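Student: Sequence:
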Amino acid sequence: MSRPAPKTVSNVRGLPVVAIIGRPNVGKSTLFNRLVGARKAIVDDLPGVTRDRNYAEAQWSGRTFLLVDTGGIESASGGKLEESVHGQSRLALAEADAVIFLLDGKVGLNPMDREVVNTLRKASKPVFFAVNKLDSSRRGENLYEFYTLGLEPLYPISAEHGLGVTELLDDVVCKFLQMDRTEIADDRQDEGAEEKRHEPLRVAVVGRPNVGKSTLINRLLGFERSVVDAAPGTTRDALETPFDLQGEPCILIDTAGIRRKARIDDRVERFSVNRSLRSVDDGDLIIHVIDGIENVTDQDAQILGYAYQRGKAVLLAVNKWDLVAKTGADADRYRDEVYYRLNFMEHAPVCFISAATGHGVRKLQETGALVLQGYRRKISTSQVNQALQRIVRSHSAPLYQGRAVKFYYGTQTGSRPPAFTLFVNMPGGVPESYRRYLTHQFREQLALNYAPIKLILRARREERRAKR
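In terms of my numbering, the numbers along the sequence shown are unbroken and rise by one, the last being 468.
Worth flagging that the hints you see were computed from the coordinates, not collected in a lab. In this text, all values refer to a predicted model and were calculated from it rather than measured experimentally. Each hint should be verified, as a subset may be incorrect.
Straight-line C-alpha distance at most 30 Å; calculated DSSO-like pairs for lysine-lysine [claimed, not checked]:
id: 1; residue 1: Lys363; residue 2: Lys326
id: 2; residue 1: Lys406; residue 2: Lys454
id: 3; residue 1: Lys378; residue 2: Lys406
id: 4; residue 1: Lys454; residue 2: Lys363
id: 5; residue 1: Lys122; residue 2: Lys106
id: 6; residue 1: Lys454; residue 2: Lys378
id: 7; residue 1: Lys378; residue 2: Lys363
id: 8; residue 1: Lys125; residue 2: Lys106
All chains, please: the whole structure from these sequences, using the hints.
Tutor: What follows is the structure, encoded as structure tokens:
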């Protein structure tokens, strides 16, 4: 009985896919980083650092394609985690339009190489065989050993130093990427001009280790995108996948669990944490996963404080709610407790989900789309000033040194997050409590849907001159 075709990534950009595969520690992530032009994959001498498929756009000779880094392929697996890693490599091979198979020129030919080569010979897609780590004349002699595989051509390269990579990519472009992509071009035209006006929004899934981030990623995508294992720290790279959120093209980012740096000893995990924090910096919407059994912890508050300070749109996902509900917990009371512990996040919606069963995930996506809508919304100056007048009339600012604080007018000066500049006679006379009131009212009256808001208070030009 034939096995059903595995589900793979929904490529919302319509780009051709090139997968890099090979045994562990042959230099796949090093080649990935070189072709992408950034250190997007973690590189370490320890085999098995890359566990999931890692995606990024790459360009060569004016052509753009989606590059996939994979975990290593081995003949014998040592457990469930290793089997999952190998499964990710097989999925990458299934979804790829072209394959770069990387061999280790430093170690030499391995029996597993022969097995994979025989499989790839039967693939109905272009395969490019490259021998890596040939960065010296001594290692160059090792190339001849690989000719016994009957492969032609073989590409001798050094991913670390860039040697031979130009010839490899030139052939990839000539033989594959310059093929007629009429079907893809037609699809992208049908999507209309809206996609061309802005890059896909970036949605980062973050949280402490082992709270269910990768399970949620797989549930959102509808297939096993990320390796899931009970051991904390399974995800190491920040993994990017094209994703459609309620009709909006996005990039979904699965990150390593974030722990206090004082508790991090392993250098790979430490690099993973730094990558996760950078994913928060790069993200538009941050889906923070909370362990429903443990509730909000100090570490959750630290991660969310980092996102709050950077003005990120945030959605709080309380995971494992199916288990919590069995204890008789009430969702409204639980939500109040979350806001009590995270009082600076009172604008962020709370969704109760079970990533394992799918409960609440559809509602999570609908809410996430609303959050992003408010996050990037642009509002006319007339609407801003009408709202400002209503807000101030309803509740005026307290006196400052016996004088009335007057708001003259306001305008939106930024989005993602929405930023408003308000001109006032005494910016320093507006207390923090009134700023919070203004922020809350702007969010409500301008339908900014859970978005963080940045307020900038300025004196009018003539008043600044008068003070001088």
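Student: Failing hints, ascending?
Tutor: none
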